[in-house]
Amino acid sequence: MRQQHALPSTITARYQSYNFRGEVIRLPMLRVRVFSRDGDLSVRTNALIDSGATVSFMPTELAEVLELPRLGKTEADGAGGTFGTWETRARVEVIKGSKPCCEMNLDMLVPFDTGRVPYMVLGRDSVFQEYDITFRETIGVLVMRRHKRRGRS
Amino acid sequence: MDESEILRAMGAPGTEGVWVVIVDGEVVGKGRNLRELLDKARMEHPGKEPFVATLPTKKAMLI
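Which chain is which? The protein sequence lines are A and B, in order.
Quick note on numbering that gives the first Met the number 0: the first sequence kicks off at 0 and runs consecutively.
Quick note on numbering that gives the first Met the number 0: the second sequence kicks off at 0 and runs consecutively.
Isolated chain A, as found in the complex (with noise of 0.2 Å):
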């Protein structure tokens, strides 16, 4: 993670909510602004914050959208086994209410499949390097505290 802004002390959000066939579904999710290879178009999406995941994904379609670039090729392994991916670097913003918080430039995979990831996957190479994260399972929060290093101003 390449940080371009001060970063916020700390950071909540809500566990978006899903309903799914009736049932609610909900996820620890962040809502970022994603930069074009260019700059020149960005949208809004959410990402999902995952603890498990040691690298940070895009989806296919989002990426493909964006124009980002394709740096190399690698494979990753997930739950349905190994897939390929290409790598890129997106800027990416946390928003928090309606305003941008942090900037970054994360580095992140692409599967080449569509449908393989299917929102943005914020892994331990990203806000986990800044943040001690908290999941609130119980009330549906999420909370970043930023770390605090020796020798941090």
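Calculated directly from the structure, the hints in this document are not laboratory data.
Predicted model only: the values in this text are computed from it and were never measured.
Keep in mind that the hints are not guaranteed to be accurate.
Said to hold, decoys possible - Subject to a maximum C-alpha distance of 25 Å in a straight line, what follows is the list of computed PhoX-like cross-link-like pairs (lysine-lysine):
no., chain 1, residue 1, chain 2, residue 2
1, B, K47, A, K95
2, A, K147, A, K95
3, B, K29, B, K47
4, B, K39, B, K29
5, A, K147, B, K29
What the hints assert, rightly or not - Pairwise CB distance ranges, derived in the manner of DEER restraints:
no., chain 1, residue 1, chain 2, residue 2, range
6, A, Q128, B, E25, 20 to 26 Å
7, A, G114, B, P45, 27 to 33 Å
8, A, S50, B, H44, 33 to 39 Å
9, B, V26, A, I138, 38 to 44 Å
10, A, G51, B, M42, 37 to 43 Å
11, B, V26, A, G114, 17 to 23 Å
12, A, E63, B, H44, 34 to 40 Å
Note that beta-carbon positions come from the ideal geometry of N, C-alpha and C, so glycine has one too.
Using the hints provided, position chain B relative to the given structure of chain A.
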């Protein structure tokens, strides 16, 4: 309704995995082709930034 509320209200059978594009609290479209949906959003709401999301495909998920 804001975007979170709109997503929460969706999820009818047959919408699993589809992209949803929302601009100014209004659903511009739903479908499998995100590029077409974004083109439609830009045409109908020029200069506005769209919100995009997919609806869950399964209750149990492990990526």
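Going down the list of hints, with the structure as the test:
| no. | hint | in the structure |
| --- | --- | --- |
| 1 | B:K47 / A:K95 | holds (19 Å) |
| 2 | A:K147 / A:K95 | holds (21 Å) |
| 3 | B:K29 / B:K47 | holds (18 Å) |
| 4 | B:K39 / B:K29 | holds (11 Å) |
| 5 | A:K147 / B:K29 | violated (43 Å) |
| 6 | A:Q128 / B:E25: 20 to 26 Å | violated (37 Å) |
| 7 | A:G114 / B:P45: 27 to 33 Å | holds (30 Å) |
| 8 | A:S50 / B:H44: 33 to 39 Å | holds (36 Å) |
| 9 | B:V26 / A:I138: 38 to 44 Å | violated (28 Å) |
| 10 | A:G51 / B:M42: 37 to 43 Å | holds (39 Å) |
| 11 | B:V26 / A:G114: 17 to 23 Å | holds (21 Å) |
| 12 | A:E63 / B:H44: 34 to 40 Å | violated (21 Å) |
Violated hints, listed in ascending order, are 5, 6, 9 and 12; each of the other numbered hints is respected by the structure.
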